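Listed here are the chains, written in short residue letters.
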Amino acid sequence: MRYLLLSLLMVLNLPLGSLAGYREEFEREFLSKPWAGDQVEEDACIACHVAEKMDPRFKNIPQSWKMSIHYQHNVSCHDCHGGDPKDAEMAMSRQRGFVGTPKYAEVPEFCGKCHVGILKNYLESGHGKALKSTGKGPNCVTCHGSHKEDQYVKKASIEIINERLCSKCHSYERAKIMKQALFLTEKKMGELEEGFSRLKAEGVYIEEEEKGLFNIQAEFRTLFHTVDVSLVKERTDEFEKKLEPIDTKVKNTFSELRFRRNFSAFILLLFAGMGIVVFILSKPPKE
Amino acid sequence: MGVGGKIRDWFDVRIGLGDFVNVQFREFRVPRNSNVFHTLGLVTVVAYMIQVITGILLLVYYIPHPDFAFKSVQEIMGSVSFGWLLRQVHVVGSSLMVVVVFLHMASVFFMGGYRKPREMTWVVGGLMFLITLVFCLSGYLLPWTQLSYWATTVVTSIPTAFPYIGDFISKVLRGGEYVTGITLGRFFALHVSILPPLFLFLMLLHIFFVKRTGLSTPPFGLSAEQQSPWTEYRRETHPYGYPFYPDFVKKEVFMGMLYLTMMFFFITFFPTLFLPEEANTPADPLRTPSQIRPEWYFLVPYQLLKLIPNKFIGITLLILLVVVFLLWPFLDTKKEPNILKRPVLKTVFFLILVMLAVLTLWGSYR
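Protein sequences appear in the order of chains C and G. Residues in the first sequence are numbered from 1 upward in steps of one, following our numbering. Residues in the second sequence are numbered from 1 upward in steps of one, following our numbering.
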């Protein structure tokens with residue numbers, strides 16, 4: 001039996017060297033497919049846009065998308081541009097809902113399919129009115145970026161309001177006052193986000209709180225799109241109050257984590273101490 | 001006479017407790033040259049009991065359904081009083097148990113404890129090691145996280161390497177084409193109602209064999225008793241050894257404390273070592289993580305399969321290695337029991353240990 005098994009082992013080992021050339025195929029077939037399951041989807045949009053034959057102007061789009069806030073929130077190409085990412089031939093078919101790239105003046109409606117509240121406030125604002133009347137006012141991508149050239153769609157933050165960007169169209173003074181009005185609430189929300197990251201790293205599940213903050217952020221930033229400083233100032237207290245329970249929860253969770261660490265450290269010392277006592281009390285075996 | 005003495009007497013009169021303790025523990029002697037590795041068997045029993053107790057308590061709150069499993073585990077971690085401690089002890093305990101069982105087997109191998117007449121003890125021990133791994137695999141899916149979902153997808157796809165029956169085995173494990181709620185139900189049943197009694201039965205059988213043959217003497221400085229050929233049943237009584245109780249038990253208690261100290265060391269200083277961020281993300285069958293990797297104890301077969309260019313050969317080789325490992329006492333017919341005097345076996349033993357360490361590290365970093 002021993003010789004049989006050893007022979008089998010040797011027989012099985014022999015072909016290994018000769019099969020070395022199949023490494024590449026093996027990695028493709030085995031490591032990416034069955035290990036990951038059959039549900040791995042090949043995205044036709046990305047496959048085409050990274051291909052050699054793609055127009056260099058559009059080649060950077062997948063890379064830019066991967067850096068965007070949309071990627072972080074699982075918003076894919078077809079979510080905005082329509083089409084069928086599972087079918088390369090029909091990916092850009094109008095029958096499959098492909099809408100392509102919007103014209104400059106159509107960008108707000110394009111983004112507003114998802115950002116409904118923001119679209120409404122934007123259209124009522126000076127920015128929206130300017131675009132509607134002249135066709136040249138700022139649209140969403142003016143401030144938030146797109147996949148054009150080296151841009152990417154940035155996460156909405158107070159940093160978007162800056163002199164370089166705003167003074168492209170008008171003086172920075174009014175924007176600065178708006179930034180100051182937003183500052184404290186934005187700072188608080190930033191701190192909470194940082195707290196979430198730390199809690200997640202500590203293994204705490206905080207999806208509910210994250211959703212809560214996300215909704216408050218969205219509402220607050222919707223308000224900003226009115227570009228109405230007095231309205232922002234008026235409602236800041238309301239947002240502060242909404243953030244309070246989340247803040248309390250984060251603080252309580254941190255103190256709970258501290259308690260857990262101290263408690264388990266106490267048990268650690270208890271067992272270590274008992275171990276030492278047992279060790280000392282253990283008499284050497286009798287001769 | 002104190003209360004303790006009275007209770008002891010009460011039992012002694014009825015069931016002869018004193019006699020039982022004398023025969024089973026005081027007269028059961030351990031070899032004089034026994035070492036710390038001899039305690040690992042009982043440490044495994046302690047580890048298993050901890051897993052059983054914490055597992056039963058977790059079972060009170062856990063819901064084995066894809067819609068509720070993740071949430072119920074988060075409830076255990078966040079809302080149930082000291083639920084976090086139960087889960088941490090269970091999670092860290094599972095990994096430590098693998099380490100302890102492995103060390104036990106490696107030390108028994110090194111000290112030649114698998115040799116005649118202990119072949120059956122070795123085989124049963126080996127089966128227990130495999131069951132421990134199946135325990136880990138089945139328990140890993142239960143929290144229904146991204147990490148557990150995809151790691152299970154990885155592991156249950158391994159049998160597909162076999163022609164004809166591979167797909168069938170994989171489907172039986174998963175209960176369909178993919179890892180779904182049916183898989184969760186199957187793994188849950190396996191984890192809480194099939195494996196525990198099976199493990200307990202093998203453990204009792206293992207202890208029975210140990211009791212019948214006596215503890216093996218390390219071959220480093222052999223007694224005359226051991227050198228005589230084993231032609232009929234006899235128990236190694238170690239007349240010059242020392243009693244299991246109380247002398248050896250103290251060593252066992254010390255090792256038990258060391259085990260618990262290690263466990264709480266990890267819980268205190270590395271609470272996320274076995275529960276990284278992906279272990280806190282609910283399973284999403286439509287979103288494949290960029291890095292799919294099984295738990296550390298499966299990194300050896302995982303890395304080995306990645307290195308061997310043919311899936312079928314790789315898995316067949318793995319199965320053969322397991323068979324050789326289990327049946328080793330029947331394959332090793334050399335008379336010399338001291339591994340130090342067998343340069344080939346000694347080299348192979350250390351090479352395997354190095355290989356296991358390298359493959360584990362390699363698998364975890366790439």
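Derived by calculation from the structure, the hints in this document are not laboratory data. Only a predicted model underlies this, so the values are computations on that prediction, with no experimental measurement involved. Each hint should be verified, as a subset may be incorrect.
Heads up, simulated PhoX-like pairs for lysine-lysine below, C-alpha to C-alpha not over 25 Å straight-line [stated by the list, open to error]:
{"no.": "1", "chain 1": "C", "residue 1": "Lys168", "chain 2": "C", "residue 2": "Lys155"}
{"no.": "2", "chain 1": "G", "residue 1": "Lys6", "chain 2": "C", "residue 2": "Lys200"}
{"no.": "3", "chain 1": "C", "residue 1": "Lys187", "chain 2": "C", "residue 2": "Lys251"}
{"no.": "4", "chain 1": "C", "residue 1": "Lys113", "chain 2": "C", "residue 2": "Lys211"}
{"no.": "5", "chain 1": "G", "residue 1": "Lys306", "chain 2": "C", "residue 2": "Lys249"}
{"no.": "6", "chain 1": "C", "residue 1": "Lys251", "chain 2": "G", "residue 2": "Lys250"}
Results for each hint:
no. : hint                 : result
1   : C:Lys168 to C:Lys155 : holds, 21 Å
2   : G:Lys6 to C:Lys200   : violated, 55 Å
3   : C:Lys187 to C:Lys251 : holds, 16 Å
4   : C:Lys113 to C:Lys211 : holds, 20 Å
5   : G:Lys306 to C:Lys249 : violated, 45 Å
6   : C:Lys251 to G:Lys250 : violated, 45 Å
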